[in-house]
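Here is how the chains run, residue by residue.
There are 2 protein chains.
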Amino acid sequence: MELQNDLILRAARGEKTERTPVWLMRQAGRILPEYRAIRNSLSGFKELVETPGLAAEVTIQPVDILGVDAAIIFSDILVIPEAMGLQYEMIEKKGPWFEKTINSATDIEQLKVAEADDLSYTIDAIKITKERLDGRVPVIGFSGAPWTILSYMIEGSGSKTFSRARRFLYTKPVLAHKLLDKITQSTINYLFGQIEAGANMLQVFDSWAGILTTEQYKEFALKGIREICEAIKAKHPELPITVFAKGAYFVRKELGQLNCNTIGLDWNMDIAESRELVGSNKTLQGNLDPCLLYSSEETIKAETERMLREFGPQRHIANLGHGVYPDTDPGKVKFFVDTVKEFRF
Amino acid sequence: MELQNDLILRAARGEKTERTPVWLMRQAGRILPEYRAIRNSLSGFKELVETPGLAAEVTIQPVDILGVDAAIIFSDILVIPEAMGLQYEMIEKKGPWFEKTINSATDIEQLKVAEADDLSYTIDAIKITKERLDGRVPVIGFSGAPWTILSYMIEGSGSKTFSRARRFLYTKPVLAHKLLDKITQSTINYLFGQIEAGANMLQVFDSWAGILTTEQYKEFALKGIREICEAIKAKHPELPITVFAKGAYFVRKELGQLNCNTIGLDWNMDIAESRELVGSNKTLQGNLDPCLLYSSEETIKAETERMLREFGPQRHIANLGHGVYPDTDPGKVKFFVDTVKEFRF
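Chains as they are written, first to last, in the numbering used here: chain C, 632 to 976; chain V, 632 to 976.
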């Protein structure tokens, strides 16, 4: 199926684009009343993730309502631990919670390597999304990065410090690598399934990247991401991959050497410095402060245009530096999207 | 009173020291069973903060038990908002909680500028500590930085994103500056009181520095810290001041230009890069990963010595890159302290 708008794919590959493409992390979600209506009719967040027709519907909402240049499949990074054997609950206003966590060699041996079939609800949601979108915009598939997934599997919930997970890296490095390998293999299987279902590009989210030391990030986190990129690129060299390692300012140079197309920047990362560290062969994505969308349209316009100029006309995908916050006015989100779309260098 | 050990003061001033001084953030606290025994005999954390004799006792415990080169007065950064008129509770396993938060001009007008007398419990705790220590080691006084204090006063509790506080900066910048000025003035009064009570050096903690954009940090956070440093130095030019802005890697150069002696580094910050950005006229403090103290003595020793070599023999105060985690084995903490004390270049 021919894409009517492939701006984001061309930007990721470093091809010339007429304008900068734009989307938002967490664009399919609580900011939209249309999302909340569907979500509130269900038992919980996970029912929405696991119901392909509805997941597809909320995936497409921001394309219709906000006019973004890509749809990202509505799902959750924690479907991977679940497919490997660790059930979790998403507790309202608290976040994820796992009854069982990983602590020993036996715990790790008991985990299965997930196959795409174990995650058929997301695979099916992508198929339905592709069908319904009918080529209007590309679909982004995604996964968590192995370190972030491991941190939840050990910690059992969110944490301010993730000190249990980091302790595991210090005290049980061999087991940590075993677990990371199993997560990495599961993630590769899952992402292949997403591509077969029609995902046009992929993003790997390393949400807790910023909490590791440089040495630990290189040893425990980069390896899995590198393997994921290599495995995907070996089979699908043209499919763009984005790596977003939030807070990992200290390894931007190393991220720039990955076999991927785009590096996501958070709002603390200086654009010129990041370009220098990442190199000229990668596209950059980001990086407005999500809180900027609480300001006046005048401020949003000024800051968005300043950002666009700073990134320059090519090799940039406009986005926030993190997921859009749930209490953001969708009118302001649309204003941000429109500002990017109307801007010309 | 003559100090028997003034290593940390000399290191802060850039004078030659026989060895690197060492202390830990949160050394007076839950890691020590001796602390927990006192804490558990009371109604809560705040009773301990507000009882000078007991606050002094837990302040001195790590000097006796761990052999650190300084005592930091046991208190809490949130005593300032309370002295300004916002009561808070410290809820077990959850953190601080304010019933009333700041949202309007009237809210800010109703706040008082705190005087040292409003915080006499900490002032008295310093006096008692000084008396009991009898010159064994210097006493560090401290406060939160104005941005971090403002963030709690607006948010009302801890937060993963502090998005309400950041929204306030974007939407009500004039009010934000008014509130920051009032916090800054209160903090200066409080720190003067601490010095008069005998504090030998001061540390300003900007715990939520890393969540602001570079522009916002310069506009809203640095100004107050700068004013605090200037006010203290105008009256007490010889008293060393440390600024620890956790996560604010993006303004290390600007921090290096403050009228203070020492800049604290967190465990993500590269030592050589930080030295270059901060400049050669400041002492650096830090910066081992607190999770390192979960590892074997062999690893702790190797990593501590690697860090000491990287900082070099002068202008370094050894510490972790954040407060010691409460579940750390005190034996390991002592081993870290001893490793620093026994190391020779």
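I should point out that these hints are in silico values taken from the structure, not numbers from a laboratory. None of the values given here were measured: they were computed from a predicted structure. One or more of the hints may lead you astray.
The list treats identical chains as one, so a pair stands whether inside a single copy or across any two.
Using 30 angstroms as the maximum straight-line C-alpha spacing, the simulated DSBU-like pairs for lysine-lysine come out as follows [what the hints assert, rightly or not]:
1. 965 to 884
2. 932 to 743
3. 758 to 972
4. 803 to 791
5. 866 to 963
These are the hints, each one checked on the structure:
1. 965 to 884: Answer is neither; intra-copy 33 angstroms and inter-copy 36 angstroms both fail.
2. 932 to 743: neither (49 angstroms within a copy, 37 angstroms between copies)
3. 758 to 972: within (28 angstroms within a copy, 63 angstroms between copies)
4. 803 to 791: both (21 angstroms within a copy, 28 angstroms between copies)
5. 866 to 963: Neither way: residue 866 and residue 963 sit 40 angstroms apart in one copy and 48 angstroms across, limit 30 angstroms.
The structure is inconsistent with the numbered hints 1, 2, 5, although it conforms to all the rest.
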